[in-house]
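What follows is each chain in one-letter form.
Protein chains: 2
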Amino acid sequence: MKNPLIKPGDNPDITKERLAGTFDIRQMGSFLYGGDEVLQRRTKILEFVKSIPELHDPFPVDFMTREERVENVARKVVAMTNYVDFIDTSDFFGEGMYFQRLIMRRDLHPLSLHFVMFLPTIQGQGEDDQLDEWLSLVAARGIIGTYAQTELGHGTNLKNLETTATYDPKTEEFVLHSPTITSAKWWPGALGKSSNYAVVVAQLYTQGVCRGPHPFIVQIRDLETHKPLKGIRVGDIGPKFGFNSADNGFLLFDNYRIPRQNMLMRYSKVEKNGTFIAPKHSKLSYGTMVFVRSIMVKDQATFLAEAVCIAIRYSAIRRQGEIEPGAGEVQILDYQTQQFRLFPQLARAFAFMFAAYEIRDLHMKVSEQLTEGNVDLLPEIHALSSGLKAVITWEAAQGIEQCRLACGGHGYSLASAFPDIYTFAVAGCTYEGENIVLLLQMARFLMKAAEEVRGGKARLAAICEYLTKPNSLHSRFTSCSDYSDADIIHDFEHIARKQVFRAYDVLKRHRRETSAEEGWNRASIELCKASRAHVRLYLVRTFLEKVATAKDASIRAPLTDLTRLYAFDLITTSLGEFLKDGFISDAQSDEIRQGIYRCLQRLRPNAVSLVDSWDFDDFELHSVLGRRDGNVYPALLEWAQMSQLNKTEVLPTFEKYLGPMMKESRSKL
Amino acid sequence: MKNPLIKPGDNPDITKERLAGTFDIRQMGSFLYGGDEVLQRRTKILEFVKSIPELHDPFPVDFMTREERVENVARKVVAMTNYVDFIDTSDFFGEGMYFQRLIMRRDLHPLSLHFVMFLPTIQGQGEDDQLDEWLSLVAARGIIGTYAQTELGHGTNLKNLETTATYDPKTEEFVLHSPTITSAKWWPGALGKSSNYAVVVAQLYTQGVCRGPHPFIVQIRDLETHKPLKGIRVGDIGPKFGFNSADNGFLLFDNYRIPRQNMLMRYSKVEKNGTFIAPKHSKLSYGTMVFVRSIMVKDQATFLAEAVCIAIRYSAIRRQGEIEPGAGEVQILDYQTQQFRLFPQLARAFAFMFAAYEIRDLHMKVSEQLTEGNVDLLPEIHALSSGLKAVITWEAAQGIEQCRLACGGHGYSLASAFPDIYTFAVAGCTYEGENIVLLLQMARFLMKAAEEVRGGKARLAAICEYLTKPNSLHSRFTSCSDYSDADIIHDFEHIARKQVFRAYDVLKRHRRETSAEEGWNRASIELCKASRAHVRLYLVRTFLEKVATAKDASIRAPLTDLTRLYAFDLITTSLGEFLKDGFISDAQSDEIRQGIYRCLQRLRPNAVSLVDSWDFDDFELHSVLGRRDGNVYPALLEWAQMSQLNKTEVLPTFEKYLGPMMKESRSKL
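Residue numbers (the UniProt record's numbering), protein chains in the order written: chain V, 1 to 669; chain W, 1 to 669.
Careful: at least some of the hints might be erroneous.
[What the hints assert, rightly or not] Partner residues are not named here, just some residues of chain W that face chain V (Cβ under 7 Å, in silico): (1) GLU71; (2) LEU152; (3) ILE181; (4) LYS227; (5) ILE237; (6) CYS429; (7) GLU432; (8) GLY456; (9) LEU575; (10) ASP629; (11) TYR633; (12) SER643; (13) ASN646; (14) THR653.
[Claimed, not checked] To give a feel for the contact side, a few chain V residues facing chain W, derived at Cβ under 8 Å: (15) GLU67; (16) PHE86; (17) LEU135; (18) LEU137.
Hint data in this document are derived by calculation from the structure and do not stem from the laboratory. Heads up, the beta-carbon is just placed ideally off N, CA and C, and yes, glycines get one too.
One chain only, chain V, in its complex shape (with noise of 0.2 Å):
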């Protein structure tokens, strides 16, 4: 069962792991990413883009100023768009977001609003007729959009946006202004130096009356000399934790007229004489929603994975302290407490890409339903991707910290690429719906289940039909080498019920002590942790069921460890929810704390095993410790050369400063 990234020369620490493997990794690979074909054509990508120098960073990206990060960006953007012909694009979740990741490493550029938001909302709101007039020419890149909602002062509220555009019907165009500081739009990528174009919401005001948040196509750039045209301020918001590449822009107006023709008018609609034609129908704009996230779960399951990758691989070349006295050093991926850090991040890696590709899978589904007029799923999977959304972004962000945590010193070097994934997938907690306001917006839908449940009158599909069960007395658990797929379901699915019907009661009281709203605010904690134990017992029940797939025992094997590492870690994490009542004994929460150690030492010959089989070539890691051949010291010497301070031998701070200093110090003594 060799491991196909064997190599003469690798660290043999690394080499022996390898060789311990009780898997094929490629097999491993192919039932991850759904199949050979997609493994090869992964292999295609990655030449291909290794074969193409303008694709390429002239050195890692860590030594550069922000000033350079951004002309990096600039540059590999055109050049990755001339070649996107070698994708297929209809696939994003695929290859495109591979491809994407291969060039861009783990950063924003020049025209990722554009085509993930600006040239959609024109697709999805526009009528026949602007479609006509802008969609060749910003599918072809012959302007570069944004999408600018988000203001200073306003978030998730869309209602309170500030920037108006009043219509007049003198001129027949919209005048579009920010009247306060706070109502300048804030956030959006590519808005401060890059966009020439922005699909801009604003309140609309005709005939006197304000008639909500509508959005308009608003030129914001003069085309040749890519000057801000007159009546708009635009600038860049400044460095940030992370997307140091990316020119996440501020926009005020002062009186900026557009023409009627720009408002986006598919739905809602502005005559030339200023009358308000409403929407015939809402908009369901869900479906897009679900896919989004569908893309960020699939993000943050390899962000996660990467990590571990690293600190898996780190771990076993790194070694340090002795556990048998005169036996050498061990390496640091034997402690158990390592382990401990380590292994659950794996499983957890796995639970959420399988959970990625489910929910795609699910969006696909629910959008043919669209097409027949069936919107019975939609709000479930709704609710749904936004609990997932919430938790494991968070979930993933937590992970990534304890993963760099584990590699001592070396994991704050940016050598070692934590600081990268941590900021860049910690940020999947904020943007596209706030965490908690996710939770809160799932518990929602959970709560409105509950009430059916208890009227009598639920109609539930699959995800939340848990909760028309009649209640468990006790865990199903005999021991944890009998604990099956059903038991385990089972109890999380008696943990979530109880949870959402308790917040359920806790809601209704508080509603009728204070108000709905009131009431609602002061259950909100009960609320987020129904929505909590709902999404883990999504993530459990999808985990198992994905590798009760897998038909080769040799890949069964090790990831039903996983399943048991995560199902075990969950419970003696919220040990008090399963301790209540005496759902479980306490001799049996002993015995899965048992568990939890043996999964861990049945793991650990096929740690790096693996996490080789998620294929991330060094090309996309981009870390110098994670290396496929283990022989990471020499590399950071030659990493820590290119540093900018090592450009010269002796730094201005010594003539200027700190030689004068000391000097004159010495000549007093």
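On the provided structure of chain V, position chain W as indicated by the hints.
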């Protein structure tokens, strides 16, 4: 009870909060920092630093390149040390840290290790002649030194350091050599570019025998030219997650010779002919380590408090969403979920700060006892300081990230200061002893104590005395309002005792089944849990005891709410431990959850006043979100103007890449 921070022109929302506070923030600050005079000295030091432009940044460091940051701190540190007579340098814990923080923000500088490691090592390890030769030169800053111990391949385990110092009796010199890449000294602060000297720890060889690691004073750069000396290879290790003003460095020796007199010979000696004289008594350096950790605990408490201060002030002025429809957007601080994110961090900040003072006092007590030859308390305090460092650094880091996330998108901008605070604080999990290593160090002490208790011959100081108490069957909890300090301590003692003896039993069993060493490894997760439970008990007790000394009821009341929130939060986050064996009942656990919600409500009106009490001036906080005046939005817009990318209206990316791409595309349509 007017808050002195209220000023005309402030954001009305923050003024409203300050008017609602029920206590005098100066009185609270005095209780926190240990007296009115301390607060007055803080004000004097602040005014002094504000009055000296040399000590300021020319513009926010957020907008500087790494080279500019390095130069900026070199300039400031010379000025800072020139002005050091303004403060009482014997009070590093108080005045020294405050003075340095005001000037250096959250970063290191070229003399960070010079004063904290280089000078103290010479003082502690040098014999009298060496003190005469070096001390005044070092103290006067005639040279800049650092401390080079950690190597590229070797951190915690000093025994395995690879750098050699071989004595050559012919020339009466030591030959320093780096035999491998992994032997490169790696990480020491200011080693890369600033220092011209270092204390280097190397394996001493004399007369063909290795005598273990010893410290040597080594010149690495020429005093006049600052060029590295022949046989020395030195440089910066490259950019990091944080600390990017610091030139952490690497150092390699190629048979580099230093005089025999440069070995620090207070304990071990090498005579002219190469005879090695072993130390007469072991080195008692525990005391210094305890002091360094008390500093770290205070630092971490301050970081966490800064983060909470920023998040709470911002949450008071940020309005978003409605609770009651039509009542207007609410301050986000009114959301229960926001309170639940922030207030437990506020409680933690107070708990950690009180623990820092307590540990400093213990250190002083132990130091006194040491001068009388009494070492009784030392092992216990040393163990405690290890565990405290581990628990506090991790919880502070997590808390800071919670604060950042609670501020949404703006928390992600460097303008918030959160990224700066987080990357600095979280590094504390790794330096000065990696956290897991430290938890296990503390566990060694606890296992010895448990062994003694089981053997009936324990002689433990107050901190561990609870281990000798009989087990309790039930919690003393009756209701949240009746849960006295003594009851809470009783219950946390029970949990800690149970886990310590559980770990002890697991350890014994594994040792019987395997070996002493492998048994330790297999019990190590349980051992870490025991250390954490012990530290949490210590933190709860210290917090309660300190608050009980508050004489004024107006400050004792909100502090008592914080102690309850702290304890209840700890109970619910490790609910499994409390529910086990029926120590608390399900009904009690529900009441404790309710107790948390009530604490949040009670603390809400005092939230801003509580963070105001920490006496963080805007000059210290460097946070646009956390401004005293609450006028965040105009300041964010102003801050963004300084972005590197806003220096020119049109970036070169347009001419070079994006412009031609768009033009070409448009020409083809």
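Status of the hint placing GLU71 of chain W at chain V (closest C-beta pair under 7 Å): With a closest approach of 5 Å, the GLU71 of chain W hint holds.
Hint validity - PHE86 of chain V Cβ closer than 8 Å to any chain W Cβ: Interface hint status for PHE86 of chain V: violated (18 Å vs cutoff 8 Å).
Restraint outcome when ASP629 of chain W is required to lie within 7 Å of chain V by C-beta distance: 15 Å, violated
Residue hint THR653 of chain W, partner chain V, criterion CB-CB below 7 Å: 4 Å, holds
Restraint check, 8 Å cut-off on beta carbons, for GLU67 of chain V near chain W: 6 Å, holds
Interface hint compliance - SER643 of chain W to chain V, C-beta minimum distance less than 7 Å: 4 Å, holds
Given hint GLU432 of chain W near chain V, where the shortest CB pair must fall under 7 Å: 11 Å, violated
Restraint satisfaction for ILE181 of chain W [CB to CB of chain V, less than 7 Å]: Check passed: Cβ of ILE181 of chain W comes within 5 Å of chain V, closer than 7 Å.
Closest C-beta approach of LEU575 of chain W to chain V relative to 7 Å, hint status: This interface hint holds because 3 Å falls under the 7 Å limit.
Hint check: 7 Å Cβ-Cβ cutoff, LEU152 of chain W to chain V: 5 Å, holds
Status of the LEU137 of chain V interface restraint (C-beta, 8 Å, chain W): At 6 Å from the nearest chain W Cβ, LEU137 of chain V passes the 8 Å test, so the hint holds.
Proposed interface contact between ILE237 of chain W and chain V, which counts if any beta carbon pair is under 7 Å: Holds. Min distance 5 Å.
Hints 7, 8, 10, 16 and 17 from the list above are not met by this structure, while the remaining hints are.
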